[in-house]
Amino acid sequence: MSQLEPDLKVPLGSLELKNPVIAASGTFGYGQEYAPLVDPNLLGGIVVKGLSLKPRPGNRPPRIVETPAGMLNAIGLANIGVEAFLKEKLPWLRTLDTAVMVNIYGHTLEEYGAVAAALKGAEGIAALEVNISCPNVDQGGMAFGTDPAVSAAVTEIVLRNTDKPVIVKLTPNVTDICAVARAVEHAGAHAVSLINTLTGMAIDIDTRRPRLGNISGGLSGPAIRPVALYLVYRVVRAVKIPVMGVGGIMDAGDALEFLIAGARAVQVGTASFVNPHATLDILEGIRKYCVEKGIVRIGDLIGTASA
Amino acid sequence: MQIKGLRFMTIVEHRAEILSNDEVAPDTFLMRLRSPEIATRAAPGQFVMVRVGHGRDPLLRRPFSICGSRNEGTLLLLYRVVGKGTRILAETGTGRHLSLMGPLGHGFRAPGKGQSGLLVAGGMGLAPLVFLAGLPGEGRCTLLTGYRTATEIISLERIGAKELEVSIATEDGSAGHKGLVTELLEDELAGTGGETVYTCGPMPMLRKVAALCLERGVDCQVSLESVMACGLGACQGCAVKAAPKEDRTYLHVCRDGPVFKASAIDWGAQ
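Residue numbers (my numbering), protein chains in the order written: chain G, 1 to 307; chain X, 308 to 577.
Please keep in mind that the hints were generated in silico from the structure rather than gathered at the bench.
Here the structure is a predicted model, which is why all the values come from computation and not from measurement.
Cβ coordinates follow ideal geometry from the N, Cα and C atoms, glycine included.
Incorrect hints may appear among the rest.
[Unchecked claim] Facing chain G, a subset of chain X residues (Cβ under 8 angstroms, in silico):
| no. | residue |
| --- | --- |
| 1 | R358 |
| 2 | M408 |
| 3 | T458 |
| 4 | V547 |
Hey, can you work out the whole structure from these sequences and the hints?
The structure is reproduced here in structure tokens:
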């Protein structure tokens, strides 16, 4: 019965997502890779793999290690570069009935600006998601996102060079994520997404060498979910802009925790590796939960966690 | 599913019933699964991503080369217990179901009629080569297999490939030729010529096979293994260094392979 069908639409700044389930950057390629198994048109959005100005080959292998209830990756932000993206990937993405968000990164402030500028005016891009977890070559390789002022500077240069809503993706590898969230909000970010991966490593005890070619990598998967949830809960209370929750979401129950904590939408990443239909299963589970609990609009659920 | 503007390889994810899961050599198992969806589409050299267990640990799917498919919709996987995932697989009994995703990747170009194939297998590398050799109506295949010792030898009869012509090498000389399987290959390559070499196994063996073939200008197709997360080309986790002549620095085992021309790989980096 149609009146029982919950309204899953969520506003995200000037955007409206048809539902709160989004495929996370780096885990869903450029959308096409999963298309034999997942109809992207059913999703609230997809965030495509992080783009840099020039193509980047990525780190030397091994790039992936499984860890308890998680995985470490050190892909090295391999990507085809913004020019090839516009020519080879965007024309197909543009035909989709979903919010296509483009993750971007740089190694200098100028590179962030240049990537945003290259995407300016491109049709079919709903928003930019800015990865501020990468090393700043002008500051000895320290990640941009660990310093509130530098995070704000990245946000500003991207905003100056784009006509699209800007979502800043926050790193959990900081002392006070709320300070970074407030800084990018103040700089004009339209939304934040969190968390990016937690930095970690693994060692092979037989060879006594790090298991990743890059030594360290980003931890993702259910192992990090409680950390992500708590940081989302705190950031939701620290800023007024919308928050997207990311980190170890495997099923609808996990996603609902983030929504109740106050996330306007959730991104699903590593779960897609385990269950290629994870995004759609989560969406269906959220829908069922709303029906069972008599929730008419998903907005009535968001941020309802009691103290 | 049809999505405007793209033609897809058909990739299926479904729960397949385990028809049998037998130890065919110490710690080595042949699993037969009911999977008409994948078995009818699979080509030798392609692989499936298998979810082991149902929990969060182990988390990732495991890639396995397809060891064979039968007309009635049975898929064969050959695996050795090497870690947590394969131990769980070995303990999963007949009648249980496993989530399979596949068929994935690019397989071998089989030898044409009148052509011959030299198949060089090390350990579990036997799996895709047995599938290749079992193709009906194709060229003649000779199988060279290498093991450390005789007790590891996998009976071809037990994995349904008894009609193959096979030579065995063991490192300790407990069966067949004493030494490496690559020494058997060197002898074969000194013969008539004109064949294609197909190989799968541990990296040191593959490196040697590739070197022998490249030196002699022999066509060589190599199936590589890698840790993988997605199996679909999305995560780019299974990178392998490409030969300098390639237009990319890295190739991806899941999508560009797992079967590559030996000349496409930078063997010095492996």
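Requested in this report: Answer holds if the nearest beta-carbon of chain G is closer than 8 angstroms to that of M408 of chain X; otherwise answer violated.
Outcome: holds (6 angstroms)
Quiz item: Minimum Cβ distance from V547 of chain X to chain G below 8 angstroms?
Solution: holds (7 angstroms)
Does the CB of T458 of chain X sit less than 8 angstroms away from some CB of chain G?
violated (23 angstroms)
message: For the restraint on R358 of chain X, tell me whether the closest CB of chain G is nearer than 8 angstroms.
response: holds (7 angstroms)
In summary, the one numbered hint that this structure violates is 3.
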